[in-house]
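Novice: Sequence:
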Amino acid sequence: MESRNGIDLMKLIGEEESAVDEKGRVAISKKQRDRLGPNFVMTTSEYGCLAAYPEESWQAKVQELSEVPVGDPYRVDYAMLFLGPAEDMMNCDKQGRVVIPKHLRTMANIKSRVVVIGVGDRYLIWDKEEYETYKSDREGYNRETRDQVLACYNAMRRKS
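Heads up, the final residue of the sequence shown is numbered 202 in our numbering, and it's a clean run with no missing numbers.
Be a bit skeptical, because a hint or two may be false.
[As the list claims (entries may be wrong)] Listed next, the in silico SDA-like pairs over lysine to any residue satisfying Cα-Cα at most 20 Å (straight line):
id, residue 1, residue 2
1, Lys153, Arg67
2, Lys53, Gln74
3, Lys73, Lys153
[Stated by the list, open to error] Computed Cβ-Cβ distance ranges for the label pairs, DEER-style:
id, residue 1, residue 2, range
4, Lys136, Asp189, 17 to 27 Å
5, Arg185, Asp114, 17 to 27 Å
6, Val161, Lys72, 29 to 39 Å
7, Arg188, Glu129, 13 to 23 Å
8, Lys177, Pro127, 16 to 26 Å
9, Gly113, Ile55, 23 to 33 Å
10, Arg185, Gly162, 16 to 26 Å
Derived by calculation from the structure, the hints in this document are not laboratory data.
Quick caveat, the model's predicted, so the values are computed rather than measured.
Don't be surprised by glycine CBs; every beta carbon is placed ideally from N, CA and C.
With the hints as constraints, model all of the structure from the sequences given.
Specialist: Printed below as a string of structure tokens:
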């Protein structure tokens, strides 16, 4: 299996659909919960959906940021986009549900159904309708934001 910095990049795989209840809770399958671990981090992604990182994947991303000088404006911009909305110490209740914080649900336009997709080092959590829109226009969906985040990330990495 492919790994980077000791992280199994194929750990988080598969696709599942789940309902969102009135409290913003989403049921996560036991297999996905086991792969995420007891505590994980949730933040926004460049696609406009959410990303749930197991602790080791999150620590690798934070380590990568820490290698860039603190005053670098690209680091600051990327950190605001990536770290700013993040929620740490996320976990599932005894019924296997996680409460997605309201600000994250709003940012990702999450309404009544989500699709949880493993992409190796994290799970992407899409509003079902938004995911269908993305699939119909992968190149164009949220392109401006994706390009901005990628440009910022690449500029930051070139300077480290």
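Novice: Confirm or reject each hint.
Specialist: Okay, the hints, checked on the actual structure:
1. Lys153 - Arg67: Roughly 11 Å separates the two Cα atoms, so the pair holds.
2. Lys53 - Gln74: 10 Å, holds
3. Lys73 - Lys153: Violated. Lys73 to Lys153 sits at ~24 Å, over the 20 Å cutoff.
4. Lys136 - Asp189: 17 to 27 Å: Once the Cβ atoms are compared, 42 Å apart, the range 17 to 27 Å for Asp189 and Lys136 is violated.
5. Arg185 - Asp114: 17 to 27 Å: Because 25 Å falls inside the window, the suggested range holds.
6. Val161 - Lys72: 29 to 39 Å: 20 Å, violated
7. Arg188 - Glu129: 13 to 23 Å: The hinted range 13 to 23 Å holds for Arg188 and Glu129, with Cβ atoms some 22 Å apart.
8. Lys177 - Pro127: 16 to 26 Å: Because 24 Å falls inside the window, the suggested range holds.
9. Gly113 - Ile55: 23 to 33 Å: Distance hint for Gly113, Ile55 is violated at roughly 38 Å.
10. Arg185 - Gly162: 16 to 26 Å: 22 Å, holds
In the structure shown, a violation is registered for the earlier hints numbered 3, 4, 6 and 9, in ascending order.
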